[in-house]
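Number of protein chains: 2
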Amino acid sequence: MITANVWVDGEPCSVVPSGDRGLAYGDGVFETVKVVSGQMTLDDYHWNRLQDSCHRLGIDTDIVFLQQTVSRFLAERASGILKMIVTRGSGGRGYSPKGCRSRCILSWHDLPEYPAAYWQDGITLYACATELGLQPSLAGIKHLNRLEQVVARSEWDDSRYAEGLLKDLNGNLIEGTMTNLFLVTSEGLSTPDLKMSGVAGVMRQWILDNMPQYGIKTQVCDIVPDALHQVSEVFVCNSVNGVWPVVAYADMRWAPGPVTRRVQSAVSGMLNV
Amino acid sequence: MITANVWVDGEPCSVVPSGDRGLAYGDGVFETVKVVSGQMTLDDYHWNRLQDSCHRLGIDTDIVFLQQTVSRFLAERASGILKMIVTRGSGGRGYSPKGCRSRCILSWHDLPEYPAAYWQDGITLYACATELGLQPSLAGIKHLNRLEQVVARSEWDDSRYAEGLLKDLNGNLIEGTMTNLFLVTSEGLSTPDLKMSGVAGVMRQWILDNMPQYGIKTQVCDIVPDALHQVSEVFVCNSVNGVWPVVAYADMRWAPGPVTRRVQSAVSGMLNV
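Protein chains in written order, with the numbering used here: chain A, 1 to 273; chain B, 1001 to 1273.
The hints are simulated quantities; they were obtained by calculation from the structure and are not laboratory data. Please note that the accuracy of each hint is not assured.
To be verified - Heads up, simulated EDC-like pairs for lysine to aspartate or glutamate below, C-alpha to C-alpha not over 20 Å straight-line:
hint: 1; chain 1: A; residue 1: Lys98; chain 2: B; residue 2: Asp1121
hint: 2; chain 1: B; residue 1: Lys1217; chain 2: B; residue 2: Asp1251
hint: 3; chain 1: A; residue 1: Lys98; chain 2: B; residue 2: Asp1044
hint: 4; chain 1: B; residue 1: Lys1098; chain 2: A; residue 2: Asp222
hint: 5; chain 1: A; residue 1: Lys98; chain 2: B; residue 2: Asp1193
hint: 6; chain 1: A; residue 1: Lys98; chain 2: B; residue 2: Asp1158
Claimed, not checked - Pulled from the structure, derived: some chain A residues nowhere near chain B, Cβ distances all over 10 Å:
hint: 7; residue: Ser14
hint: 8; residue: Phe30
hint: 9; residue: Val36
hint: 10; residue: Leu138
hint: 11; residue: Asn145
hint: 12; residue: Tyr214
hint: 13; residue: Cys221
hint: 14; residue: Pro225
hint: 15; residue: Met252
hint: 16; residue: Trp254
hint: 17; residue: Gly269
These numbers come from a predicted model, not from an experiment. Even glycine gets a Cβ: it sits at the ideal position worked out from N, Cα and C.
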């Protein structure tokens, strides 16, 4: 039996009603999860963020049903990517979300294939001209309104750049199009505050929560581009690819350093790969 | 024969592939068109905005095919609402839009039913706490990233408020959740500048283009809430409902005045209703 790669509300199905509010308004949230041997990695982090995102947007979702559905969905699978979308469902009148029932869409994808050099030798960041907007009501949430990322990612088509770095309208560094940013200073790790824009990645959160026990302090703060001139190492991270050292951005250059390697090592242990 | 109320890419179909980027990222645009006796109203305005929106987002769409499809879709219909969604389609890798082929979704809806008093006696605006974010790259476009409107519209559930008024993060008045805003001053009409946020409605544009020939000057500018204390009339508009006088917002009160009535009259003539 071939297991269907898309399920909608717990049943194999590869289409969504045209009236779904995820399509109409981007009215929903998502998680992209690395699955190893049929097991979600960072599962507590993904479930917590999904619940928090739904709560912030007032999307009523049955997390127990969703978890049971995901267990069934992953039952016969090995390693790959699970994408979970929870939309507010169909209905409501105009923008009003009243009376909607949420819908969940699970899909299965191959692990992305990136060169091993991204982890070993590091990557070059493209300097995106697109600036992230300022919207504290939605900042941090992994919602379906992702046009900024699409527009930013369409800025370059040169494989020398594995990722692009985004500032916000205030000129602060925020994140990559699909990763969060960390700087290594003499104090430890710094990552941008995401109260005005950006996506609060679960790998970012895992690093913030866990690196102190490895003796590496962490802080969340506003970071201006000039700060990059003073740091010894830079890396980006997400829950699928782990940690990529950054070796170049604009006119700046770094080498993958010892702190980045310690974080990579911890992440590899946790991702069990 | 019953004409299907949803078409996808020119064929009757009420579902969309789960991998559509409209669902994944809100990666698309839409138009909501009032149809009278099978004819689009404000058709030039809707087509121009759709093309402009697609151009700004780099969505490649075949406007001739789309227009022909809409003609077929409307052939057997009377009066109602045509919703046109153009997404970037399926495909691309992650956020990158490379290699996508756009998809169009047409749907047919009943005209909304609002009390006649909204046009005759005016409406009360809810003062939304949600502030629109600042994002000049996307401002003005009627794209599918509409979580701000959803969140704002969910703030009230009291039928005394026909609409809610939104400020942006800078404190400027911008628009209603589904309408644009006009103030009547001694100079003529003023409507908020939408360079940082908001949706540039086609009815707003029609009013800006056409009221001067009725002897009413128009201007687009930043408008702070205090400005409302100095204006003689206020109204909101959109392409489906035309013009609703505003009679109350926060502690302020107005009566439907002569300028609003002249705009209503001009709009009624144009909408042919």
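**Asked** Which of the numbered hints above does this structure break?
**Response** 1, 2, 3, 4, 5, 7, 8, 10 and 11
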